[in-house]
Amino acid sequence: MRLILAFLFASVLICRADEAVSGRWQGSVQIPERELNVVVDLAQNKSGMWIGSIILIGLDVKGAALGDIVSKDSELSFTLKHALGAARVGPAQFKGHLDANGTLKGDFLQSGNTAPFILKKTGPSQVEFPPRSTAIAKELEGEWKGNYELFGYPRHVTIKLTNHEAEGARAEFVVVGKKTNNLPVDFVTQGGDFLTIDSHETGISYEGRFVTGEIKGTFTQGPIEVPLVLRRSK
Amino acid sequence: MNISRITILLWSLWAAALCPAQSMFRGDATHSGVYAGTAPRQFHRIKWTFPTGDRIVSSPVWNKNVLYFGGDDGNVYAVDAETGRQIWKHATGGPVCATPAVGDGTVYIGSYDGKFYALNAQTGAVKWKFSTGGERRFEAKGLHGLQPKTQTIADPFDVFLSSPVVAQGAVYFGSGDGNLYSLDSASGELRWKFKAGDVIHCSPALADGVLFFGSWDSYFYAVDAATGKEKWRFHGGEDPVIHNQVGFQSSPAVVDGVVYIGCRDSNLYALDATTGKEKWRFNNELSWVITSPAVVQGKVFFATSDSSLYHVLDAATGKPVLRQQGKAYMFSSPAVVNGVVFIGVLNGTLEARDVTTGELLWDYQTETSKQNKGWVLTGDRKFNDPLLNYSSWREAPLVANDRQFGIGAIFSSPLIQNGVVYFGSTDGFLYALE
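Heads up: the protein sequence lines correspond to chains A and B, in order. If you count the first sequence from 1, position 70 lands on 70 in the numbering used here, and the numbers rise without skipping. If you count the second sequence from 1, position 22 lands on 256 in the numbering used here, and the numbers rise without skipping.
Accuracy of the hints is not assured; some may be wrong.
[Claimed, not checked] Residues from chain B shown here face chain A by an in silico Cβ test under 10 Å; the list is partial: (1) P285; (2) G287; (3) D288; (4) D307; (5) N309; (6) K323; (7) H324; (8) P329; (9) L353; (10) T357; (11) G358; (12) K361; (13) K363; (14) F663.
[Unchecked claim] Covered by chain B, according to a simulated footprint, are these stretches of chain A (three or more residues, beta-carbon under 8 Å): (15) 28-39; (16) 54-62; (17) 102-116.
Honestly, the hints are just simulated from the structure, not real lab data. All residues carry an ideal CB built from backbone N, CA and C; glycine is no exception.
All chains, full assembly: derive it from the sequences and hints.
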């Protein structure tokens with residue numbers, strides 16, 4: 001009986017700790033000579049996993065996904081999945097603890113630097129989710145090919161589009177120049193006859209309109225934009 | 235019922251008759267800047283704030299209880315007007331310093347990436363995209379007296395992009411490439427484009443089938459909306475030496491056959507909409523008129539930059555009706571609602587003034603402005619010029635501008651809907667006050 005009560009008591013404490021962490025947190029990172037205003041949203045999904053997103057005002061980061069979220073006792077840590085990371089030293093990270101006043105304090109680590117942060121809870125969580133791929137029209141499914149020229153070199157593009165029910169559409173995006181590049185596509189969507197394929201990791205995207213059996217569009221890589229017409233593979 | 239109540243009631247009826255829409259810059263295609271409904275004569279509380287990833291200079295518009303606006307973080311946002319919760323965001327390739335227009339379930343807006351977007355108002359999905367010749371700021375050698383005078387300098391005060399107007403199957407907007415574009419609003423196909431001599435960043439006004447807009451080439455134009463053919467042009471002032479007193483950055487208001495337009499040559503002009511003939515001008519002694527005038531009940535409401543003056547003029551004659559001294563530059567355009575004028579100030583304050591007396595009813599200072607980091611502001615909220623503008627050489631003026639603008643400045647023109655005041659700030663937040 002004592003064991004059951006102890007277990008129940010521990011469960012209640014864990015739930016309270018989780019409740020304390022879940023929510024919208026606002027505050028700042030005190031980088032020397034510069035204050036970084038931060039909004040962090042944390043919540044647990046249906047299976048109890050922590051999810052979160054972050055807004056870094058002034059750094060064009062709005063709703064970037066958090067990863068490696070660990071909440072244990074009053075300690076909390078998480079990383080920024082795709083923002084402010086550096087290949088050499090890994091992702092930016094927040095490591096802190098929740099004090100008795102409900103303030104989250106700790107260190108922000110980025111590119112080998114460390115700065116203190118303070119966050120206070122301001123309301124319920126508003127975790128932002130990355131845009132999800134949507135299904136595409138049947139006539140867009142299949143393999144498409146096209147060519148473009150960049151800096152005097154020809155590039156050959158193959159895009160294979162498939163629908164996957166609840167997950168929406170997927171794309172295999174291959175660019176062959178001096179070498180073969182398989183681009184990791186994380187977003188495919190169609191609005192009317194307008195198709196968008198994004199590889200956020202590489203900063204490459206393709207957008208085009210499906211007109212009379214062709215997709216007439218633009219291949220974009222950062223500031224570089226080149227026209228690219230895709231036709232069905234024969 | 236006392237006189238003031240009768241006045242407020244008359245204002246309400248007048249405004250309601252004039253302005254059914256809030257779904258584009260300055261409320262509707264004529265840009266009168268007058269809105270229907272109630273307005274808070276006292277500040278009660280912050281209803282909500284919505285954080286974004288960067289500064290906001292865009293103005294929110296309202297359609298079916300959803301607010302739409304652009305962010306300098308490159309996103310176009312749809313936010314629930316009641317809760318302040320994000321409905322969707324759509325990423326563009328550059329800062330979105332324009333105000334969207336909403337019509338037929340579509341959000342229209344341009345971005346610094348040089349693209350013009352038509353987005354599904356419910357989902358944010360792209361309906362079509364149109365490539366302009368590319369965005370850029372107004373630029374000139376030795377601009378504003380900055381040094382070295384042989385260096386071409388982009389104007390940091392050219393903060394807005396052109397906000398579109400949608401009407402009768404077409405969408406109209408200006409561009410940094412010097413063109414005024416007319417696109418088919420359903421397909422994005424080019425109907426026509428009109429080439430001016432320099433950047434067009436004002437929002438065109440549309441009245442009786444004619445588009446009215448100005449350019450940094452010192453001309454103000456009237457163009458047939460159906461064909462793109464020029465009907466007339468009006469020449470504003472020029473400044474061939476430091477290019478400070480030239481260009482139409484303000485957006486026009488067209489009321490009762492008269493076009494009211496502010497100019498960087500320090501004048502507010504009233505032009506005959508049919509002929510382009512000048513009816514009167516009001517000179518502001520070297521102070522720019524960037525705000526877009528609001529016009530209602532025979533009065534013109536506007537404010538100035540350097541002199542920081544809030545003016546009300548007689549619309550028929552241009553004679554001053556009243557004048558109030560503000561504290562800092564005003565680029566935000568006044569919104570007139572139910573006897574109250576709302577305007578944003580670059581010192582990070584939103585002001586509410588009585589329409590009749592011009593007296594300050596209340597103001598709201600953003601937290602960033604209150605903190606006044608680096609003493610950008612003086613103790614009485616004016617710009618701290620000795621600490622800001624200590625040099626006109628190289629990057630010093632740009633750093634000064636960046637610090638000024640970063641104080642929570644309100645470039646955004648307030649939108650008032652159901653008694654709530656909505657506006658953006660350079661502190662990155664969209665505010666809802668009641």
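Structure-based check of each hint:
With 10 Å as the threshold, the beta carbon of B:P285 comes within range of chain A, its nearest partner Cβ sitting at about 5 Å, so the hint holds. Look at B:G287: its Cβ gets to within about 4 Å of chain A, closer than 10 Å, so that hint holds up. Given hint, B:D288 at the interface with chain A, holds; its Cβ is 5 Å from that chain's nearest Cβ, closer than 10 Å. Satisfaction of the interface hint for B:D307 is found here, the shortest Cβ-Cβ separation to chain A being roughly 4 Å, below the 10 Å cut-off.
Nearest Cβ of chain A to the Cβ of B:N309: about 6 Å, under the 10 Å cut. The hint holds. This hint holds: B:K323 has a C-beta 7 Å from the nearest C-beta of chain A, less than the 10 Å allowed. The interface hint given for B:H324 is met, as the beta carbon of that residue sits about 9 Å from the closest beta carbon of chain A, less than 10 Å. Because the smallest distance between the Cβ of B:P329 and any Cβ of chain A comes to about 9 Å, under 10 Å, the interface hint for this residue holds.
With a least beta-carbon distance of about 8 Å to chain A, the hint placing B:L353 at the interface is held under the 10 Å criterion. For B:T357, the interface hint holds, since its Cβ comes within 10 Å of a Cβ in chain A; the closest pair sits about 8 Å apart. The beta carbon of B:G358 is positioned within 10 Å of a beta carbon in chain A (closest approach about 9 Å), and the interface hint is therefore held. With a least beta-carbon distance of about 6 Å to chain A, the hint placing B:K361 at the interface is held under the 10 Å criterion.
Among the interface hints, the one on B:K363 holds; its C-beta lies about 7 Å from the nearest C-beta in chain A, closer than the 10 Å criterion. Here the hint on B:F663 is kept, as its CB sits about 8 Å from the closest CB of chain A, short of 10 Å. Coverage of a stretch by a chain is defined here by at least three residues with a beta carbon nearer than 8 Å to that chain's beta carbons; for the segment 28-39 of chain A and chain B the count is 3, and the condition holds. Counting residues of the segment 54-62 of chain A whose CB lies closer than 8 Å to any CB of chain B gives 8, so the stated coverage by that chain holds, three being the minimum.
Proximity of the segment 102-116 of chain A to chain B, defined as three or more residues with a beta carbon under 8 Å from a beta carbon of that chain, is not established by the 0 residues found.
Against the hints set out earlier in the document, a violation occurs for number 17 only.
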